[in-house]
Structure formats: structure tokens, C-alpha cells
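Engineer: Letter by letter, the chains look like this.
2 protein chains.
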Amino acid sequence: MDQPVLTLSEEAGRVAARVDELFDKLLTPPGDRRDRLFKAMAHAAIGGGKRMRPLLTVAAARLFGIDEKRAIRVGTAIEAIHVYSLIHDDLPCMDDDDLRRGKPATHKRFDEATAVLAGDSLHDLAFEILSDPATHERPAVRLELIAALAQASGPAGMAGGQMMDLAAEGEALDLGAITRLQQLKTGALIEYSVEAACIMARLPEDRRTPYRGYARNVGLAFQIADDLIDHSGDEERAGKRVGKDADAGKATFVSLLGEERARAQANMLVEQAGEHLKGHGEEADLLRAIARFAVERDR
Amino acid sequence: MDQPVLTLSEEAGRVAARVDELFDKLLTPPGDRRDRLFKAMAHAAIGGGKRMRPLLTVAAARLFGIDEKRAIRVGTAIEAIHVYSLIHDDLPCMDDDDLRRGKPATHKRFDEATAVLAGDSLHDLAFEILSDPATHERPAVRLELIAALAQASGPAGMAGGQMMDLAAEGEALDLGAITRLQQLKTGALIEYSVEAACIMARLPEDRRTPYRGYARNVGLAFQIADDLIDHSGDEERAGKRVGKDADAGKATFVSLLGEERARAQANMLVEQAGEHLKGHGEEADLLRAIARFAVERDR
Numbered sequence: 001m002d003q004p005v006l007t008l009s010e011e012a013g014r015v016a017a018r019v020d021e022l023f024d025k026l027l028t029p030p031g032d033r034r035d036r037l038f039k040a041m042a043h044a045a046i047g048g049g050k051r052m053r054p055l056l057t058v059a060a061a062r063l064f065g066i067d068e069k070r071a072i073r074v075g076t077a078i079e080a081i082h083v084y085s086l087i088h089d090d091l092p093c094m095d096d097d098d099l100r101r102g103k104p105a106t107h108k109r110f111d112e113a114t115a116v117l118a119g120d121s122l123h124d125l126a127f128e129i130l131s132d133p134a135t136h137e138r139p140a141v142r143l144e145l146i147a148a149l150a151q152a153s154g155p156a157g158m159a160g161g162q163m164m165d166l167a168a169e170g171e172a173l174d175l176g177a178i179t180r181l182q183q184l185k186t187g188a189l190i191e192y193s194v195e196a197a198c199i200m201a202r203l204p205e206d207r208r209t210p211y212r213g214y215a216r217n218v219g220l221a222f223q224i225a226d227d228l229i230d231h232s233g234d235e236e237r238a239g240k241r242v243g244k245d246a247d248a249g250k251a252t253f254v255s256l257l258g259e260e261r262a263r264a265q266a267n268m269l270v271e272q273a274g275e276h277l278k279g280h281g282e283e284a285d286l287l288r289a290i291a292r293f294a295v296e297r298d299r
Numbered sequence: 001m002d003q004p005v006l007t008l009s010e011e012a013g014r015v016a017a018r019v020d021e022l023f024d025k026l027l028t029p030p031g032d033r034r035d036r037l038f039k040a041m042a043h044a045a046i047g048g049g050k051r052m053r054p055l056l057t058v059a060a061a062r063l064f065g066i067d068e069k070r071a072i073r074v075g076t077a078i079e080a081i082h083v084y085s086l087i088h089d090d091l092p093c094m095d096d097d098d099l100r101r102g103k104p105a106t107h108k109r110f111d112e113a114t115a116v117l118a119g120d121s122l123h124d125l126a127f128e129i130l131s132d133p134a135t136h137e138r139p140a141v142r143l144e145l146i147a148a149l150a151q152a153s154g155p156a157g158m159a160g161g162q163m164m165d166l167a168a169e170g171e172a173l174d175l176g177a178i179t180r181l182q183q184l185k186t187g188a189l190i191e192y193s194v195e196a197a198c199i200m201a202r203l204p205e206d207r208r209t210p211y212r213g214y215a216r217n218v219g220l221a222f223q224i225a226d227d228l229i230d231h232s233g234d235e236e237r238a239g240k241r242v243g244k245d246a247d248a249g250k251a252t253f254v255s256l257l258g259e260e261r262a263r264a265q266a267n268m269l270v271e272q273a274g275e276h277l278k279g280h281g282e283e284a285d286l287l288r289a290i291a292r293f294a295v296e297r298d299r
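Order-wise, the sequence lines are chains A and B.
Residue 1 is where the first sequence starts when you use my numbering, and the numbers rise one by one after that.
Residue 1 is where the second sequence starts when you use my numbering, and the numbers rise one by one after that.
These are computed hints drawn from the structure, not numbers from a lab.
Do not rely on the hints blindly, as some may be mistaken.
Given that identical chains are not distinguished, each listed pair holds provided it fits within a single copy or across any two copies.
Claimed, not checked - Straight-line distance between alpha carbons at most 30 angstroms, and here's what the computed DSS-like set of lysine-lysine pairs gives:
hint, residue 1, residue 2
1, 39, 250
2, 250, 108
3, 244, 39
4, 39, 25
5, 250, 69
6, 69, 39
7, 244, 108
Please construct the entire structure, taking both the sequences and the accompanying hints into account.
Structural biologist: Shown next, in the form of C-alpha cells:
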């Protein structure tokens, strides 16, 4: 690697800027009555969030020597799915949140109908990005990226996890049920972020196991950290409402394990994530740093 | 053609049954807390509607000798997009309709949050169906189907048209603006239904012109007929609320042209649609019958 060594926050800032740049290019208002839709999409998608998913894709792509421009395209598609799910999640009929990434939620800044359409349109945008030859020259690779993303975001993945979450309201879920729910709700898209790099590298199935293990551990650690932030976090720093799981009487990793054991569990998952990378040298340092960040963050 | 000659309603019934069958297979509840999501998707997707879009794909595929099983898969993907848009459209923050296809709207039969997720999940299902090798053996063809569908359903197509419709509330749109709006809102997906057959047949660009002309004419005729039904239709027969455009003070083809001229315009469009097919013999009879049906229907 003859790249200069950057810190995690420098890498994250660089990736975030490139994702913003691509969103900005793709979301140019057409200059007609659709402008409001494009502005709502841009409001939600540009200039916010940790961009952890695109960062994971870039970091995993680095293991296999994949052109970063392609990893940024795939990461932006993943972020489009993530952002669409946040827009719909924040709607009054879902979690009813007014604040997202330190800004008014899309339905507050615009209106509910525009927010529904902006989410739907970012959903399409993700598949549009992946189907473009600029993402990968091989049609079979683009197709595999698309098929796996539809799985990760749909009823077998993220949307399925959200349904489990809704259906469980008022029920006392145990640790196994919470783990399963979160593996779908947040884990599926985080796992896809790493899997996408394996797909672009055309890695055979049997060589993907360690990367899947890494992603699964990071996804779960990330969610436990989220529960800890929701439990004891600072709303201003988090950029979103906190304490809402407790208010809703929802079981979380923290309510089930207690704060101390939850934190210990998250740290153990990060250690296990590192174990999966032991066959790699410094080219995996960014993935290692992301795993630590997943639990050490405060927002 | 050594197939028996069927009437339009026999063909439509046959296609509807095959679309239902595929939805039914794809929407088997997994037997956990996601079951409610799968049931909501099935409620909206199975056993209703005219299935005009899948019928168009099957009819156009027949021109090129494409295996009907593939046309049904593509038509089911298109219908998944259509149904997702109906679910979201019916939400209280959008058109606020309680009745759809003669049944309670998804948010009435289930709840709003489940309806949002069911729409989102049908959106993913469409891309999942298209990315499957059973849809077409060539990855490049599946990719082209996917890219064109993301265009037709996203901000450059259906969702963009819906935004135009929302943004135009209270504004006096003229005939040009209404035509442009409807070409996106309902036209884009109807045009895709025919384009998809051209893609599967690997027709070069310059040979697609007549089929695009046919689809554009049918799409517009279909929309004028919709406005006529909304203007003077029977709610019970239509299976949805009627008179709502007038109630909302929205300009429509009927409010701008009057009933008589709107009907004449629709009939002229059907004639023009037929002109585009004049290079074909009886293999295009189903397309011709669909064009007539688009304006002669009462629901």
C-alpha cells in the first residue's frame, strides 16, 4: 500500500465527502414540479450521518484491491437504502421522530406525502446506481449486487426486522429474539456492506466466511452501542431522540443484560470481529478501526 | 400460432391467475413475527385489479415469441411496483383512501406502519424477481430490465409524476402539464410493461419505436378513461372512491376537455395505438384488444 496512512476520522470524512458528492450529482433537480422531491431526497441523503456502511464497503474493498470509485458507488447505493428506511421510520405512523442526524426529519422539513415519495425514490435510486456499468464492468457482478441488496433490504432483511420490531411491541422478547430481530433490522444491511466487496472481488462462497463473520459481529456490536446511546446518551450529540426504547417499553440489549454486561458483550464482539481478520495485515487496519468505532462512538 | 383463440377476458383471467399464483408462491409467511408483513403484502397484491400491466407484457412478448413464463415473471414484478404505489398512495398522508380494488386499503385492514413496510417490501420484491435467472438466462437482459424498471418507478418516472400531482394541488394545470404529469405518473409503468418485452426479445433501439408509440398512446388513453370513471363512475363497480379529483379541485382531462371531447380523444389514441401495430398480423390481436379495453372499461 503506497497510500498515506490516514486516521479513521480522516478516512470517514473522505468517504462521507465522496458519498455526498455522488448524491449531489445524482439528485440535481430537473427544474419542474418534481424539484420538491429531489430537494427532499437531498435533504435526507446529503451531509449527515456517520456513513458507516459506505465506509465498511470501502474498507472491505481495500482488502481485495478494488477500485475505490466503485466501492463509493456501491456504498452510496447502500446509504440510499439506509436513508430511505430512516425517512419512512421517522414518519408519525412509524417511530414519529422529528429530529434526524441533527436536522428536522424529512416529513417535518417538507411534509409527510413528500417524505413517503422521497423514501420510495431513494429506494429506486439504489438499484439505479447498482445497475449502471460504472459500478462494475461485469453484468453478472452488478446483478449479484442487486439481488443481494433486494434481499438485505426487503422482507427477508431490513423490512422484515422492522416488522418484527413493530409486532413485538408490548411483548417481552428474550435475548435470542432480540438478536434475531436486530440481525435483520440493522444487521442485514451492515452485512451487505461487507458482502458487496466480496461480490465485486468475485470471491468464491467458501472464501467469504471470515468477512461475513466480521460483519455479523460488527453489526451486533453496533446495535448494542446504539442501545447504550439510547439508554444513556445525549440527544444533542446523538442528533436524534434518545430514551425512546425505554419509553416504549421495548426490550433492548441494555434492558435485558444491564449496561455493564451489554458493554462487555459489545467489546467481546469487536474482539471476535478482529479474529476473523487475522489472516490480513495492515490492509485490514481500517476494518479493525471501524469495529472499534462501532462501540466507542457516542452518536 | 397454434394456441386456441381466447377472448380478451379469458386471456386477462388466465394472466391474472398466473400472477396470483406467483405472488402466492413468493409471499409464503415465514412463520415468525414477520408473518403480518407477508399477509399485508398478499392482501394488497393477490386477487384484485385488472392486471393490465402484466397482460400488456404477455401480449407484447407474444409478438416476439418469448416464453410466457418469463413474461409472467416480469409482469408480476411490474405489478409488485404498481401495488406498492397503490398502498402508499392510499395512506392518510397521501390520497387517504379506505377502499382499493373493492377491499379495505392495506392501512385499514392492517395499520399504517404495516402498510408502509408492505409497500417497501413489494418494491424490493420486484427487483428480486427480475434479478432471478428464471426471468431470463442472460444477465445483461435481466440488468436492462432492472435499470429500466428503476427509471420507470423512481423520480424520473412514477414517483416523479406523483410529486408533480401533489405539487400541482390548487394550481390550474393546462393540458400540456396534465399530459406530462400523467405520462410519468401512470404512463411510465405502462410503457415499461411493453418495453420489457422488447428488452427480453433483445430488440435493437431503432426497432422499438412502434411499440413505444403503442404503449404511450394506450397509457394516455387509459388515464383519460380513468378520469372519465372518476368523473361519472360507479364507486361499487370501480372498487375505489370516485369523484375525488373534482372534490380536490384537481384539473383532469375531463375537467379541461369536457366529457365528450375527452372520450373522443381517448378513442383517437386507441386508433393511433393500432396504427403502430399495422406491421403485425393476428399475433398482435391481444395488444389491439387491450388498447380498446383501456377506454371501454367501466372500472
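Engineer: Each of the hints needs a verdict: does it hold here or not?
Structural biologist: Taking the hints in turn, this is what the structure says about them:
1. 39 to 250: between (34 angstroms within a copy, 24 angstroms between copies)
2. 250 to 108: Both, since 25 angstroms and 25 angstroms are each at most 30 angstroms.
3. 244 to 39: For residue 244 and residue 39, both the intra-copy (29 angstroms) and inter-copy (28 angstroms) Cα distances are at most 30 angstroms.
4. 39 to 25: within (12 angstroms within a copy, 39 angstroms between copies)
5. 250 to 69: neither (41 angstroms within a copy, 46 angstroms between copies)
6. 69 to 39: within (25 angstroms within a copy, 41 angstroms between copies)
7. 244 to 108: Intra 19 angstroms, inter 26 angstroms, cutoff 30 angstroms: intra and inter.
Violated hint for the displayed structure: number 5, the only one.
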